[in-house]
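Protein chains in written order, with our numbering: chain A, 1 to 601; chain B, 602 to 861; chain C, 862 to 966.
Among these hints, one or two may not hold up.
Said to hold, decoys possible - Computed list of lysine-lysine pairs in DSSO-like fashion (alpha-carbon distance at most 30 Å, straight line):
(1) B/Lys726 to B/Lys741
(2) C/Lys932 to B/Lys685
(3) B/Lys717 to B/Lys765
(4) A/Lys321 to C/Lys932
(5) B/Lys717 to B/Lys782
(6) A/Lys252 to B/Lys717
(7) B/Lys782 to B/Lys726
(8) A/Lys252 to B/Lys710
(9) A/Lys252 to B/Lys782
As the list claims (entries may be wrong) - So the derived label-pair ranges between C-beta atoms look like this:
(10) C/Gly915 to A/Asn269: 47 to 57 Å
(11) C/Ala957 to A/Val253: 26 to 36 Å
(12) C/Ala883 to B/Tyr712: 26 to 36 Å
(13) B/Thr607 to A/Asp419: 43 to 53 Å
(14) A/Val253 to C/Gly915: 35 to 45 Å
(15) A/Phe539 to C/Ala957: 56 to 66 Å
(16) C/Ala957 to A/Leu487: 25 to 35 Å
(17) A/Thr353 to B/Arg729: 47 to 57 Å
(18) A/Arg488 to C/Ile928: 46 to 56 Å
(19) A/Leu328 to C/Asp958: 23 to 33 Å
(20) B/Gln688 to A/Leu49: 54 to 64 Å
Calculated from the structure, these hints are not laboratory results. All figures in this text were calculated on a predicted structure; none of them were measured in a lab. Ideal Cβ positions, reconstructed from N, Cα and C, are used throughout, including at glycine.
If you want the building blocks of each chain, they are given just below.
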Amino acid sequence: MQATASAIPHTGLHEAHHEEAGFWSTYVFSTDHKVIGIQYGVTALCFLLFGFFLMMIMRWQIAHPGVAVPVVGPLLAAIFGDVAAKGIVSPDLYNSFGAMHGTIMVFMAIVPLAFAAFGNYVVPLQIGAPDMAFPRINMASYQAYVVGGLIMFTSFFIPGGPAQAGWTSYSPLATSIATDGQTFWIIGMVFLITSSLLGSVNFIATIIQLRAPGMTWMRLPFFVWAQFVTAFLLLLAFPPLEAAAVMQLMDKVAHTSFFLPTGLAIGGNLAHVSGGGSPLLWQHLFWFLAHPEVYVLILPAMGIVAEIIANNTRKPIWGYKSLVYSVLAIGFLSFIVWAHHMYLTGMGIRIATFFQTTTMIISIPSVIVLTCMFISLWGGAIRFNTPMLFVMAFLPMFGIGGLTGLPLGLSYADIHLHDTYYVIAHFHYIVAPGTIFALFAGIYYWFPKMTGRMMSEFWGRVHFWPSLIFMNLIFQPMFAQGMAGMLRRMADGGANYSQARVEGAIGGLSAGVMNLHTYILWAAVGLALAQIPFIVNLFWSIKHGTPVTSDNPWEATTLEWQTPTPPPHGNFAKPPEVYRGPYEYSVPGHARDFTPQNQPD
Amino acid sequence: MDIPYTVQPREDTGLYNAKVGIWLFLASEVMLFGALFSSYILLRVGSPEGYWPRGWLNVPVGTVNTLVLITSSITTVMAWASCKMNQFGRFKVFHACTLLLAVTFVCIKSYEYHDKFTHYEITLKDGRIADGHIVENDPKADHVVISGRYVQDRRDLYDLEVRKAPHHHEELSIPRSQIEKMERYGPWHNTYLAIYFTLTGLHALHVIGGAIVIGFLWGPGSKMWETDPERFTNRVEISGLFWHFVDLVWIFLFPVLYLI
Amino acid sequence: MTAQHDESFDQHVRRYLYVFYALLFGTLITVGASYIPFGNHAINIAVALCIACGKAFLVAGFFMHLISERKMIYGILGFTVFFFLGLMFLTVSAYADFPPLTVTH
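Isolated chain A, as found in the complex (with noise of 0.2 Å):
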């Protein structure tokens, strides 16, 4: 990425004078924003495919319930010995899959890749920096994340298995947990955590500190704001995660009782600790942080989603001025909000009420950002390329996500949905067919800027429908189950709980919810049969894909188009004056049909 050859030949370009770099300082230990953006993009899609492994072998067990995992059942037996014996999944390690699946996904696939990845890469270039404002720290965030990554990876490897308690590791299941997976994971999260510090605080000293002259607060591209607002819920929201994370761990290897009751008592014998603790602290501090999490998980992808509708329906993104305001006002509510996971533990009604009042008035920012890019849509000349598909497809998924979310969140209808497979479809429904759907419009979309090349569009297309059908197919199910009653994490699918268990029983799952499980593998057999267009478009475009005929392809407005192609190291010969907004597409009286930040009156 130190490349002196662009793909279109520039002259005049003054580049000063660097050393020429080996290939560890180039592509190892590199400062460059655009490096370690692509460094996290590869490593957090290396892990998101290694989270859906692990998904599909437990879709597997729910819906075949003590059957052995065809293909890969040796494999799972000769690495994991008892608890995968003749290729069976144990409730053991179902839920060991089911805990890592859900901390890989979250900390090591989604917000590596839409905040550290896109955000490195694009940030800098759209406000005009040569680089983020502390590069070295930038390298030490990226590194912290690969060591963080590689304790949970070889987590699964370690007599015992890896974390067995959920994503959210409560206490005192976490601490009572015999293995080691337990503390391989909150140390693994310690790293996690300490590079989304670093990285968060990169980020925002940089989009202070380093825009470009004339490119003010609201002259800044949505997707940057989106960053930016994401970053503080990084900064401010993980530290107490830490801070638990360091107590528990102080539980599980000091023996402390933090987390631990008095009179705690682990199969029917009373536990040798000294009690005091309390197991609802950990959960507030936990998600004190998870519930920023989740806005970290979907803010940089509606800032995505801004800068391609802007780009692909020739028009301003509506609404500029309500979607920063939103975007702040999700941020600031969501640090109140966080209780309204923890409803069922016994809250009283006051302040069960005030999460709830929070939590309903969050929803409101979060449907100006949305109808904003809906009514983007409205008089546009929509070009269907790949990205659009998929940001086109990411506003309704979104939508049905999000409006999902109500139910939970009003205390009363909870008691019923609290921890059943209607969490699981919420949810899903806004990171799987939302977030990523938006991530894969992004690689599709800057993918060119990268390389040089575009990514074919026909197999884009093969990509993006079949995820759509089978995301729904997936996840539209789980609403219907979760309202009949099926809780989550059940290594049998609930089978313990199903009238075909027990003749006549009142409230068991019924046939029909059961034999949803199978058509959800066979739906998730094609989502993962359909991202191999994907994988393979992705490696094969970037040597034989279509080479672009000019530094911007799209023909978009922001400063990252602006540049050569790849971009070269530090980005702007000279710094770049903007004189206009982020989205001047068709103005009335202008040349064509799309102006750019940075070209004068």
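Fit chains B and C to the supplied structure of chain A, relying on the hints for placement.
Coordinates of chains B and C only, in the frame set by chain A:
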């Protein structure tokens, strides 16, 4: 294109990059220690009446440590001021003092930790509890000797002021055969010690980390004074800000853990 | 360095020294006040925390130069303080608002 505003402040914000960076980092540290303080409040408020320790920490020793850190704060700001006044020699002197004070703090803390780790609570089979510092603990001997006292009611061990604990101790020889349970005053012993060790341990790690950074700037890093004195002064300022924050945390830790 | 510059710097240094003396004094009265029997222990806690806040203000305001810092930094810290107070008060309130007979520890 070089990264701007590494030394010169940006006009509209009035700040140079590293200053924004360190304040952002300190904001996250406020949340980190804030979460631990919130946990302290919760654990204390939730503990049963009479079972939250008071008087378990040596107040004079803690006061000395507080004065040590406050002094290191003034030497830190004076070190930066010396750089601003172009007096490199005085910078070296002041930060040498800072480092010495940091080492003093950690040593005193280690002494306090050691004091806790040699303090035992021994429950005897007849229901009495012996509590005190270990004098002899030879595994081959059939007696354990501590310097402390016997209590009947366990609550006498907790709030030492309200329960009017005696200040003198005598040597008690306890046959091992009579010992039901023997436990040190480590973080596992009760939640007060757990939060004490965690809070002060994390704080001490910050002291050590800050001392390492200041040590680097005092030593090998001070070469930058020759080539770019303004940037070096900024680095001294940034590391100083971190150091003052560490002092700030202790200003709250001391009364919360030692006094109230 | 002009003489004027030196003078204003002397002023700064003197200010630092005054803050230092105030901090020493604050430490001593914190310890002293902890031995005063106010009757209600809550008063001791309040006094200790007030003095600590005062000392913190001095360190943050003068040693960390916050008293003359830029709006941007005030903004960042303002939000931080708000969220920290939110974490503390909402968590403690959640504990104070259980149905009767609930055991939390």
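**Request:** Go through the numbered hints given earlier and state which of them the structure violates, listing their numbers in rising order.
**Result:** none
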